[in-house]
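Protein chains: 2
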Amino acid sequence: DFQWDPIDDKAVDTARILAADAVEEAGNGHPGTAMSLAPVAHLLFQKVMRRDPSDNEWVGRDRFILSNGHASLTQYVQFYLAGYGLELDDLKHLRKWGSKTPGHPEYGHTDGVEITTGPLGQGLSSAVGFAYAARYERGLFDPDAPAGESPFDHFIYAIAGDGDLEEGITSEASSLAGHQKLGNLIAIYDDNQISIEDDTNIAFTEDVQKRYEAYGWHVQTVDWKKTGEYVEDVEALYRAIEAAKAVTDKPSIIALKTIIGWPSPKKQNTGKIHGSALGADELRALKEVVGFDPDTTFEVDDEVLAHTRQAVQRGQAEHEAWKQGFDAWAQANPERKELFDRLLAQQPPEGLEEALPTFEAGGKDVSTRAASGKIINAIAPIMPELWGGSADLAESNLTTITDAESFVPAEWSTHEWTGNPYGRVLHFGIREHAMGAILNGIVLHGNTRAFGGTFLIFSDYMRPSVRLAALMKAPTIYVWTHDSFALGEDGPTHQPIEQLTALRAIPGLDVVRPADANETAWAWKTVLERRNGPAGLALSRQNLPVFERGDGEAEGDTLAHARHTARGAYILAEAPNGTPDVIFLATGSEVQIALAARTQLAEQGVNARVVSVPCLEWFQEQDEAYREKVLPAAVKARVSIEAGIALGWRPWIGDAGRSVSIEHFGASADYQVLYEKFGFTAEAAVAAAKDSLAAL
Amino acid sequence: DFQWDPIDDKAVDTARILAADAVEEAGNGHPGTAMSLAPVAHLLFQKVMRRDPSDNEWVGRDRFILSNGHASLTQYVQFYLAGYGLELDDLKHLRKWGSKTPGHPEYGHTDGVEITTGPLGQGLSSAVGFAYAARYERGLFDPDAPAGESPFDHFIYAIAGDGDLEEGITSEASSLAGHQKLGNLIAIYDDNQISIEDDTNIAFTEDVQKRYEAYGWHVQTVDWKKTGEYVEDVEALYRAIEAAKAVTDKPSIIALKTIIGWPSPKKQNTGKIHGSALGADELRALKEVVGFDPDTTFEVDDEVLAHTRQAVQRGQAEHEAWKQGFDAWAQANPERKELFDRLLAQQPPEGLEEALPTFEAGGKDVSTRAASGKIINAIAPIMPELWGGSADLAESNLTTITDAESFVPAEWSTHEWTGNPYGRVLHFGIREHAMGAILNGIVLHGNTRAFGGTFLIFSDYMRPSVRLAALMKAPTIYVWTHDSFALGEDGPTHQPIEQLTALRAIPGLDVVRPADANETAWAWKTVLERRNGPAGLALSRQNLPVFERGDGEAEGDTLAHARHTARGAYILAEAPNGTPDVIFLATGSEVQIALAARTQLAEQGVNARVVSVPCLEWFQEQDEAYREKVLPAAVKARVSIEAGIALGWRPWIGDAGRSVSIEHFGASADYQVLYEKFGFTAEAAVAAAKDSLAAL
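If you read the protein sequences in the order shown, they are chains A and B. Residue numbers are given in our numbering: position 368 of the first sequence equals residue 359, and the series is strictly consecutive. Residue numbers are given in our numbering: position 562 of the second sequence equals residue 553, and the series is strictly consecutive.
If you are wondering where the hints come from, they were derived from the structure by calculation, not from laboratory data. Do not take every clue at face value.
Said to hold, decoys possible - Derived CB-CB ranges, DEER-like:
no., chain 1, residue 1, chain 2, residue 2, range
1, A, Gly543, B, Arg522, 43 to 49 Å
2, B, Asn47, A, His655, 44 to 50 Å
3, B, Asp80, A, His655, 24 to 30 Å
4, B, Pro642, A, Gly569, 27 to 33 Å
5, B, Asp332, A, His655, 29 to 35 Å
6, B, Pro137, A, Gly219, 38 to 44 Å
7, B, Asp80, A, Gly543, 53 to 59 Å
8, A, His655, B, Glu539, 50 to 56 Å
9, A, Gly219, B, Ala234, 57 to 63 Å
10, B, Gly569, A, Gly569, 19 to 25 Å
Said to hold, decoys possible - 27 Å max Cα-Cα, derived BS3-like pairs, lysine-lysine:
no., chain 1, residue 1, chain 2, residue 2
11, B, Lys201, B, Lys257
12, B, Lys668, A, Lys464
13, B, Lys87, A, Lys681
14, B, Lys668, A, Lys83
15, B, Lys681, A, Lys201
16, A, Lys668, B, Lys87
17, A, Lys365, A, Lys1
18, B, Lys257, A, Lys201
To be verified - Listed next, the stretches of chain B that the computed footprint assigns to chain A, with coverage defined by at least 3 CB atoms under 8 Å from CB atoms of chain A:
no., segment
19, 43 to 54
20, 159 to 171
21, 181 to 193
22, 269 to 280
23, 447 to 457
Here the structure is a predicted model, which is why all the values come from computation and not from measurement. Glycine is no exception: its CB is placed at the ideal position from the N, C-alpha and C atoms.
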């Protein structure tokens, strides 16, 4: 079955030289790994993976993730050679403005790139999410097919380097991958013993293989240095990949011992070749070593390209064969096919609005986290693509779909949870960062909607993954509860102060902080109907009143309907006379303070409007007329009220504005005491309003 | 040597009941672990650790870190019983406003607490830093004493739970601890198989012991469940601790298999008892089980207290004995004693200003990272307590003290680095988060000054540790280079956009972004002279002009001396006529744009002042007169220029202000192209100034 001809060797050498030439042309970049991994990449793209270069969206494709994203040429060169749409000219424009070959692979920018990588650890951790999604989607569409016989069966391949293996996020995700017995995940660890500070012995001497055995992975080593000579024994790697594929109840890692920069005569096996161009002399010497013309750059033999571009026809044939199985499945599973089509079209289910629970005013107060839990459970029956869980805070985040099973192998069932490999409730353990990366992998793999919960304070632990979601416009959903110092007794280590502002600072992340249970319902609906980026719901621990609202806009003392949540900010309570002297902008649990202050001010003859601001990002998308209506430029007396720092509100309240805010860390006490001590009272809001009026 | 009497059992039961009573009184909290770990804590505080309850600052003390900080009662109850200063009344005020017993242990708030814990993984990871510091300080003061015979030899004890072991930061730090062969570190892993989502089998089934063996730790298991009955075999744990102490070339972890909430009859071994009060009935039942009066709360037998408070005299005697050794050392090592005294007094060395390099204007441009590297090396000879390194970016961050050895065992020397257990150059590998926690541990252990470098973008990876440093006012130093999109070709995954604002949002963190090489020198000096919290230096990858400056304040076209850096913001270039029409506020690499814009405006008859703002936090500390002088309230035409989002500048520029900023992710291209494409030019700054003037 394994065939490797001299033309493959030549293609590999071509790939190496192209990588070195491209970095030389750019003047900077990372040639070393792309050179030494060229045979690995050729093997994957030409001999192993089932992909159709002419259709990078083919659902049945094997996924490829380059976790060591700095070695982007590993991928770009294969995309060129195998006909994915890149051409030689793209390689010549490596790392240049507007090129398809940026420094790191960018999802949505270069066709065929499954995920943006570069921040180390993220790729391999998201690969675990890809493997989660592959299993979950199979469960949605084709749960009963024998293993390996479904059109929804495929593999996730990842290449990772030392940096990926050192990052903690990878440890978290790898522990989960072993726990989940993800037989569809195969990682190749480029064990080259070199990172930027040169020999990794200076900082990285653990036994990686043993560590992965401890996680429950299938671990193999392929040592290209074992003979004392460096022999790129591609067949040994191929056999290891085949063995990995055969192990269906464990993720696999293959530690491949390589020499970085091979066969660069002077710079191989050094930290220098990791991140710098070879230089003219060394590049010439390299070309001589592999028998290329040192006077030529970007040299590609026609015969080589003809050989490697056969990947297109081969891939199309595989795609066609797959389609027969897929069509048979579609015929046999019309309802599942309908779901499949809806997800492919990225459409929410019908009846979403009708499914939303309505929370009655005047009854018991409800925390927005409790409302969120009810909403998730109300939506779940009509939205099988909605799944999620928590980083070991299920009972606090209220993120559990209660009548569903847990997405873990059945043997990990406990007396609280029933495990099912196709289950719907996610358990991340106390691993927020891996949760973020896994969520990214899930939503990039297919079109299911996955959510993950933790305390808002621990958004800090997952921030790099959140940022990547925003950069990729990946529609991940975060359920961040305990969203202010009002979580109370756990004290300053657990009380978010700067988190809302710091999260809003991430371009493209929607931060949604609903004021009551009904806003929470409309917030969920809006998040689920959007797919253009990640969204985080900031939800209260403490109970909040459910506002008595009218059916339309705010008028007199009638509050606006919660559907206005989708606009990001809206007039919740109009100024008593219809013309505001001052405007309160408040979010979440502090909206009730604004309402109370409005009442107190009315008694003093001051007309205050209350604008509820569940999501500044959505509000910014509204047309100017709407924004002017909610926040008329002429009304400069404004007060923001939010249990966090004021900074983010400054553009909205202006020079005359005042903020009821907290500019220091919190404290351990019950939340009523903290509201008083930290000055979050209607009286303080009234004083701020008067102060703002006085500043005009 | 091991003695355990019936009174010890009674003290342990007293500790359990106090924990349960305290949570019941508070109405919420975490009783379960405090109950089941009571015998462990009693063993450590009464039988194992060398501590003097009457002097929590004793340099020779063993350190204790409760990584599972939610079990704060484990520590508080021992602090009460062993006479550290807490009294019964403090336990009765658990989790109450102003009490000494907040929800999580807080450094600087409760005497005896070595470090604030709660965010999981931080404590154990910082414990690694404590162990680093203990070794480094021994190297500074007493390098030649035989092992175990120096007054600077002591142990670091940590208790950690499942959550700590699951968090990725712990994996990073534990890998480093094994690599460093930290024989002075002993961790007890409370392996109780329960976290908030109940049985940890739902998310955590890896082989922890094997994983720690892979890291190179000495691993033991003490199983209190092994007989089928639960037997709190304290002696077995004691023997394991003794064995751990005897292994001096490896950190030790003891997996202690416990039952959470033991011996609560109905709630032991459940997720519920982790984080909720027992409730009246269960609390009564518990008291009956251990033979306490169910009608009494906070019951402490006088005999028990008399027994446990013997810890004070015992500790004082140990302290006294230690002091003899210390005095002998002091006598024999007068120079080292002088250094010791200076560090104890938290004083910087004399001659710091004189040691700073001066960078000549008009010569070659210098990146602020390169300047920083020169400054570190200039200061190093007079400041032996200054040590640090990078998370595998030494050549990029330029954080290496070049003539120093590396802080790793000699056997890990590579052809680039020479290892020495007392070395001064830190190598964190690609582990930014552990770097942050280890730095915290280092500066909390003693008074050395440690710094760690990475790219500014990866401050996101270390954010939870940075926040904890700020909360604790721990004077850690971060060297964050490649501080804007101007890092260029690596593209958006590596280009900070929102990071400066998001970091400034953390209360108590100084973010310092110097404009040129000389500001960098004064920034380092200022950071080293301050000890009241963490500071991060944001430094450029690209070369920047070294400004030609005068000796005093700005006047005419003469720029101000760089010493003004310490004031956080200063008039770098005065308006040409001395009266500004418009003020530029700029930082770092963008200050040169402000200067160019000032010149262009002058040609057009507009008088612009340039304020360099290396550190907003320092500027906010200045008196109002100074602040008014730099930014007169009357001058409302203002323009901020910083290669990041504008948000943080809004309070400083006001409604009429304009910002030259970037509000979206970056791109892969060289930095000159990006400056143009992203509108960071003198022309854009001039236009913004005119726009601001027009808005008045």
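Next item on the list: Could you tell me which of the numbered hints above are not met by this structure, giving the numbers in increasing order?
Entry: 1, 2, 8, 9, 10, 11, 13, 15, 17, 18, 19, 22
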